[in-house]
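Number of protein chains: 2
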Amino acid sequence: MKIIVDTYGADDGIEIPIEGTIEALKEKDFIPVFVGDKEEIENIISQRIDIYEIIDAKDRIDNNEDPVRAIRKKKDSSLVKGFEKLNEDNYSGLISAGSTGGLLASGLFISGRIEGVKRACIATSLPTFENKTLLLDTGANMDCKAEFLRDFAIMGSVFAKNVLHIDNPTVSLLNVGVEEHKGNKVSKETYALLKDTDLNFKGNIEARDLFTGKTNIVIADGFDGNIAIKTAEGIISLLSKEIKNSIYKSLKTKIGGALLKDSLKENLSKYNTDDIGGAPLLGINQYVYKAHGNSNKKAFKSAILGLIDYINTNTIEKIRGELK
Amino acid sequence: MKIIVDTYGADDGIEIPIEGTIEALKEKDFIPVFVGDKEEIENIISQRIDIYEIIDAKDRIDNNEDPVRAIRKKKDSSLVKGFEKLNEDNYSGLISAGSTGGLLASGLFISGRIEGVKRACIATSLPTFENKTLLLDTGANMDCKAEFLRDFAIMGSVFAKNVLHIDNPTVSLLNVGVEEHKGNKVSKETYALLKDTDLNFKGNIEARDLFTGKTNIVIADGFDGNIAIKTAEGIISLLSKEIKNSIYKSLKTKIGGALLKDSLKENLSKYNTDDIGGAPLLGINQYVYKAHGNSNKKAFKSAILGLIDYINTNTIEKIRGELK
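So the sequence lines, in the order shown, correspond to chains A and B.
Sequential numbering of the first sequence, starting at 21, is according to the numbering used here.
Sequential numbering of the second sequence, starting at 21, is according to the numbering used here.
Worth flagging that the hints you see were computed from the coordinates, not collected in a lab.
Computed from a predicted model, the values in this text were never measured in an experiment.
There may be inaccurate statements among the hints.
The list treats identical chains as interchangeable, and a pair is accepted whether it falls inside one copy or across any two copies.
[As the list claims (entries may be wrong)] Taking lysine to any residue pairs in the SDA-like style, the calculated list, with each CA pair at most 25 Å apart, reads:
1) K234 with N84
2) K205 with F129
3) K344 with T217
4) K58 with K317
5) K290 with S270
6) K205 with D82
7) K208 with E167
8) K94 with H201
9) K261 with A278
10) K261 with V198
11) K222 with N83
12) K208 with R92
13) K338 with V183
14) K78 with E60
Build out the structure end to end from the sequences listed, making use of the hints.
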């Protein structure tokens, strides 16, 4: 299996995707295909991998440029070259920590949308107290119509069944209250559409239940989904800082911290985004994973392993079946 | 100063508003005017307050009913009777832990909107690592136009200056990225409007900075603001549970927890909503505070004290001045 690895896009430089790939190769067998500056890539690998390919690409698409214009103009960018290669036979999937907009535009214009899907979306696995919860969309679509959200629900259900191995996953709509009449225009319309599907729809859910594991799939537009995950990230990093500060206050608290450290780590590590790593771009004709921009090599490794599971379960074929 | 206290609406019953009021009376001098079931109220007070009034109201407006229809039909509800009394001379403010929709509808139809304000909104003080941050709207308006959000920014700035004592408060727009072109249709239009005001506008802010204290005022529509605060609440309660679980794991961790307890409490208590308690309903002609539905008596007390500060600073008059 050949996996295309975009070496640009990680905040901490091209070492992250390459080192993450080297880590992933210790757990799974695949052939990495690195896209980026050939010489730099060779230098970092420095003969630590036997079989790999490189697609030389000197240009990159940044977060602050218009993604559609960028993929049209920057033919030598790692994303454009990577996605073009992905359309060839024998290339199974692509992973990138780069701009969400760039990935989405490349997916839509180079890979193409699955027939019957109105919008592609990003599905993020949330850290939860128990069970598994998938939130989609978390940033691909800003202004959504109700039918886009229904597609997200269908694709999320297929992904949850196949990749996360959840039987008959429950689907909920992110809203400001649990009552059916609550919310904005789009959420009310979406509620009505979801009631009419064969999905295991459980109604509205409030944001405070995103991380309790109360439901398997939460549907939101990309604006709201993004606000939710970034709020959570902010609070988690803030409370970690407060916990550290409360440990480094005195000798007594330092001793307390030493005794508690392993146990705290065990309970809190799942809220660390490193273990989540990546999220699939659902709705396009190819297997594409978005790694977090601020990934470290461990997070990037997790994302590659997630992408391989996604490919192995043949999920895109199953989404096509559901949307026919 | 007479403060009208709605005794209905708190999840834990009418004791909460009454006991919260009794606590607040220990810190500030005011005359409470309780609205609700006269007999029940008298029973709970049981002569612990010397001077108070009661407005007998047997009916209540619930979270799950249409608020506009409810305030038209339920003339004997605590909210309708309370807001009507608030229009009389000598009644300075009203506080309720009841339905946001009911409060908003009562405010709009009974108190009336401030001239020039297109929508009223709820302004919530966030717990932050440092500084003070006010988020508005957090639930009053679901589908907002850009000019509504501009009004929120103006009202939030007046409130921050007067009640929170912040000089030249910074204003940011909640968005999915910091770049000007990011976001949905409404956020792009709002960005353009805010650039054109005299406010200290600092551009977009991502949700992960809501609690860092990076900016004083964050503007969002009521749907997104609500998602953000409820996500934060959810994560805070989840991590508190995980911390507790990691302490109660073994003798060693229990000792660690005992040594660390006070310090953790000192650092984390500000993220407890009890100390925030309430939020003003900005944009109407009367001083109204919304207390949290799941308030305990301490939270309700904090909310009453907040309402009194809000009244004493004559903030509504100043908002009228800014919006002329």
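- Of all the hints given earlier, name the ones this structure violates by number, lowest first. Violated hints: none at all, because every hint is consistent with the structure.
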